[in-house]
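Colleague: Single-letter residue listing:
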Amino acid sequence: MDRENVIVVKSLYKSFKDNHILRGIDLTLHQGENLGIVGKSGIGKSVLTKCIVRLIEPDAGEIDVLGTNVLDCVGNDLNALRKKVGYLFQGGALYDSMSVRENLFFPIRRTQFKDKEHDTDELIERSLRSVGLLDSIDSMPSELSGGMKKRIALARTLILKPEIILYDEPTTGLDAVTSGEISELMLKIREEYNTASIIITHDMKCAKIATDSIKIMSEGVFIVDGTYDELSRNEEKEIRDFFI
Amino acid sequence: MAKINVSVIKERFKGRLKVKEETRNFYNGVFIDLGELILFTGNVIKEMFHPPFEFRELTKHGFLLGNKSLALVVVTGFIMGLVLSMQMNPILADFGAQTLLPGVIAVSMIRELGPVITGLICAGKISSGIGAEIAAMRVTEQIDAMEVSGTRPLSFVVASRVMATTLVVPILVIFADAFSLFGAFLAVNIFEDTSVTLFVNRSFSLLGFIDLFPSTLKTVLFGFFIGLIGCYKGYTAGRGTESVGKAANSAVVASSLTIFVIDLVFVLITSIL
Chain A
75 MDRENVIVVK SLYKSFKDNH ILRGIDLTLH QGENLGIVGK SGIGKSVLTK CIVRLIEPDA
135 GEIDVLGTNV LDCVGNDLNA LRKKVGYLFQ GGALYDSMSV RENLFFPIRR TQFKDKEHDT
195 DELIERSLRS VGLLDSIDSM PSELSGGMKK RIALARTLIL KPEIILYDEP TTGLDAVTSG
255 EISELMLKIR EEYNTASIII THDMKCAKIA TDSIKIMSEG VFIVDGTYDE LSRNEEKEIR
315 DFFI
Chain B
7 MAKINVSVIK ERFKGRLKVK EETRNFYNGV FIDLGELILF TGNVIKEMFH PPFEFRELTK
67 HGFLLGNKSL ALVVVTGFIM GLVLSMQMNP ILADFGAQTL LPGVIAVSMI RELGPVITGL
127 ICAGKISSGI GAEIAAMRVT EQIDAMEVSG TRPLSFVVAS RVMATTLVVP ILVIFADAFS
187 LFGAFLAVNI FEDTSVTLFV NRSFSLLGFI DLFPSTLKTV LFGFFIGLIG CYKGYTAGRG
247 TESVGKAANS AVVASSLTIF VIDLVFVLIT SIL
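Protein chains in written order, with the numbering used here: chain A, 75 to 318; chain B, 7 to 279.
If you're looking for bench data, these hints aren't it; they were derived computationally from the structure.
Warning: the hint list may mix true and false statements.
Just a few of them, taken from the derived set where beta-carbon distance is under 7 Å, the chain B residues facing chain A [said to hold, decoys possible]:
id	residue
1	Glu-63
2	Gly-130
3	Glu-147
4	Gln-148
5	Ala-151
6	Val-154
7	Ser-155
8	Thr-157
Even for Gly, the Cβ is constructed at its ideal location relative to N, Cα and C.
Bound-form chain A, shown alone:
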């Protein structure tokens, strides 16, 4: 069955001075799909997702998100589009001067987000329940572990009910058990919130659990794509190295 495209990236280029990071990236994300992007550190995976939400300006190319050309969007239009795209940062990026409750309330208040089914308190509690951390509602970010921070950051991302979530290294710096839990959580979130996701990772266990298909990135382009099982059978050394 053909699914709707929610993100379409065509011929995306980005350089930092003489360092050519993205060299003509093409990517399509379908509705309800969890797409993994795997590659070595510093290869430009995060640059790609940051270009999608215009945190970084690409040099050339086209980015279409939910039918809107992102590169044509400015001001309120860009903000409106960004509300539909959740972004989970590598370190969580929780606002350290605010409690967990305030962290979750902040996007609601600032974007004047209204939900027909739930009031604000219910929304916050629902998001925290989704990530299994309702008990930490009045904690400060400094009191949380690395895994908890990522879960809370995910809850904050979910609070605006995004249609797409971009996960930037969701399991980096976590132990194997917590990484597994976060990977399972990403699957659960997709079912519960009906989201499509791009998951940037170099953790193949995470990619195996949480993604439907994987693209492997090298030298600024995707060199191969397929499901975890298909790629794990690939004989090329460059691909095999990721599965060791």
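Got chain A sorted already, so can you dock chain B onto it with the hints?
Modeller: What follows is chain B alone, placed relative to chain A:
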């Protein structure tokens, strides 16, 4: 005719060319920075009038920034008044003009020294603090997180702080002026007994509207630029942890320089008027 060997000339002038290029890059950098600051200022002013308004943030930062700097400003003002009186008294005595001392102190403190010294203290304490705090938010991707969720960090993080400093610095200057006069009153009393009423009368006898209005207006501008430059340096900081220190440092340098420039402009304007 002998051929000109370009590579030999280039080699000979390599050092000089490098210095030239570095100088050109430095001046380019200054103008680019200035252009970006102007755009940043425009966006911040626009955000100040764009709801939702952050009154809670404004009062929180106003209280925190004012409270943190009050003791330093008050002590500095007091010492300035005391020292200035003790040094001016023998000079004025030589001319038999000791009665002018309170007025001279009041005019010099309220017109010039109070605003400038308080401005410099705030540049060192407030602007650097704001620069470091926002740069740390940039490094830990908190600003990025606000941007990608469409929550307009320029309004929440920057506009509230700029408005807070714009309100707080003039109040701190009033405190500095008041305590400098108190210091001057104590110093005058070392030399001769003077009543508070007489001291106050003599202090304000030399002050006119032209002394009070421009000095108040320039403190408002000092406050605005102290906040704005601190926020700008923090907001445009790099990604590494060293950029936090750099942002704090450059915020102090740029806002101190701005205070002197604003002061110079006001002195020129008031001297023409």
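Colleague: Looking back at the hints listed earlier, which ones does the structure fail to meet?
Modeller: Those not satisfied are hints 1 and 2.
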